[in-house]
Amino acid sequence: MASIKHTLTNIVAEAFEACGIDKKYGTVEVSTRRELADYQCNGALAAAKPYKMNPRQIGQSVMEKLQETAADTFSEISLAGPGFINLRLSDSWLASLTQEMATDASGRYGVDPAADPKMIIIDYGGPNVAKPLHVGHVRTGIIGESLKRLSRFLGHNTLGDIHMGDWGLPIGQIIMELEDRDPTMPYFDASFSGPYPEQSPVTVTDLAEIYPTASSKSKTDEEFRARAQQATSELQEGRPGYRALWQHFMTISIADLKKNYGSLQVDFDLWLGEADVNDLIEPMVEKLKADGFAYLSEGAIIIDVKDDADKKEMEPLMVVRSNGSVGYEATDMATIVQRVRDYDPDFVWYVVDGRQQHHFKKVFRAVYKSGIADKNKISLEHTYNGTVNGPDGKPFKTRDGGVMSLQVLVEMVIDKARQRLAEIDSASGYPAEEQEDIAQKVGIAALKFADLVNHRTGDYAFDLERFSSFEGRTGPYLLYAAVRNRSILRKAAEEGLSAGQILPPAGPEERELQLKLLELPDLLDFAFDQRAPNHLCDYAYNLAIAFNRFYRAHHILNEKDEAQQASWLGVAQLTVDVLELVLDLLGISVPERM
RNA sequence: GCCCCAGUAGCUCAAUGGAUAGAGCGCCGGACUUCUAAUCCGUAGGUUGAGGGUUCGAUUCCUUCCUGGGGUGCCA
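When we follow the numbering used here, the leftmost residue of the first sequence carries the number 4, and every step to the right adds one.
Treat the hints with caution; some may be incorrect.
[Said to hold, decoys possible] In the BS3-like style, the derived pairs of lysine-lysine whose C-alpha atoms are separated by at most 27 Å in a straight line are:
#: 1; residue 1: 364; residue 2: 315
#: 2; residue 1: 380; residue 2: 309
#: 3; residue 1: 364; residue 2: 292
#: 4; residue 1: 397; residue 2: 364
#: 5; residue 1: 372; residue 2: 309
#: 6; residue 1: 26; residue 2: 55
[Unchecked claim] Computed spacing ranges between beta-carbons, pair by pair:
#: 7; residue 1: 358; residue 2: 468; range: 18 to 28 Å
#: 8; residue 1: 183; residue 2: 118; range: 51 to 61 Å
#: 9; residue 1: 316; residue 2: 469; range: 30 to 40 Å
#: 10; residue 1: 300; residue 2: 357; range: 26 to 36 Å
#: 11; residue 1: 411; residue 2: 10; range: 47 to 57 Å
Keep in mind that the hints were calculated from the coordinates and are not lab data.
Positions of the beta carbon are idealized from the N, C-alpha and C atoms, including for glycine.
From just these sequences and the hints, can you work out the full model?
In structure tokens form, the structure reads like this:
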């Protein structure tokens, strides 16, 4: 079914046209003054200048036209202020749309799949192997996950790629640190011909300690740093012992990442990383050189990305370092080569920390300029997210220790949910297993919603309170609304009652609820266009508020009028379905009861 | 130095160039014989960092400052 905004815009646009004014001024929006109108059109104000007319005069004509043509659609059409056209939907038309949405045979609640589906790759997560996930990794993971779910629901071919950081200097640092600790291991013997041990010499827990040690050593010890850079270079060139060690790091890290991301309900379609494009780098660089885009400078191979248009400084992008190793400039470029080759995407969204803006700007310029990506065909977007800061207001330094791990955070939040459950004694009669499931869902909902409700690009200071609050505008609030709704539907089903034809709203509370439900398709489009899950949060919260008010105003199970009761059951059913859909798009799941 | 991002209620944050800038928390005051009170209802709280400009209309666009954060050729 067409979205309500489109339907209304078509009606009003025709009225503008009938008045001799361009249709484009007929755009209708949800009203900002809900006590005056449901929807509004501001086009008369915008059209006033080009048509050299008084905006109220235009509004008056359009209004009169609408009163002729759309009397069934609107219960009230009025002109206000400097020329706002205010529209109030008729209750019967409203109910017919809600009915259509509730009985949508596609099971998509009136949301049409994209007419022109795109191939979209979402690059998010981006964990570094060997470094355990910490609280700062929450954002990219759950924002990317939500964007992936939204994009997919809207009908686009969507792939989420974790794009692991597994090929840079950190690996060389760890290898050298291990050599310092036990040089007798066969990995360090260049003459060793294998096979190497099947068992990893280190565990994830070991790595969590080894990496920060190696990293800080690298900062103070020049000789160590040089060795680490050399080791990185040799790893990338294929030294067997280093490759064998690297493989161990990968195996144990991936298992750990799957567990940690799994606890947050974040999953990836592709588990690719920087290392997967290693073989593409050399031919890419050769071609860049042959085509005159890349050249030698100070021992490194660089590409100029400065634009004649920009008068600011723009240093070149370094594809290969003077020691022959490559960094994330080369792997990010080669990953684009790979993605174009394997998936031919229309869009690649990089859900990566905003501090990488300069880096991506250079990479995008380099690949567009050199023809690796066709600017007219593929849109590379740094859909950046803000940083999670420490208590001092500064971003966590991922290389330093002392930052709460993601696993600990998740455990703490779930533990808070358990305490809460015990406190309010709401689930005491449930089986222990179910209580645990509820605590997990409540904890994760609290954590994810608290993050996603903020705009993607904003920074915030990490605060445990923020993630473990269960009242007000929180994840658990939404779960509670859904659960109470389900409870009614469950009891109704036990009594043999079922949903029926949706009637015009019985009061203002139901009216607001029906209106809010109808906003779903436009809201999803908007959130997608903005690549901004916080709008999904906002909608889910407002829908839950509307439902809670409706819940208070009308007692469904006690209703004597059977047609009214069946209608309310239909509205309740649609509400819980939509709420759960939007929560699912946020990556939040709802317990049966709580 | 140059570039990027931010500055909105006591706090944490929303807001698609539109009317009277909204929520939550906190404060104060109400509502459980009722489909789950993790709920609902109400009160108070603002020079949107400052100045200038564009516009019929600016939190939003442009510009100059101020404050904070980030980035800036061999870490990612």
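Outcome of the hint check:
no.	hint	verdict
1	364 x 315	holds (13 Å)
2	380 x 309	holds (22 Å)
3	364 x 292	holds (21 Å)
4	397 x 364	holds (24 Å)
5	372 x 309	holds (11 Å)
6	26 x 55	holds (17 Å)
7	358 x 468: 18 to 28 Å	holds (26 Å)
8	183 x 118: 51 to 61 Å	holds (60 Å)
9	316 x 469: 30 to 40 Å	holds (38 Å)
10	300 x 357: 26 to 36 Å	holds (29 Å)
11	411 x 10: 47 to 57 Å	holds (50 Å)
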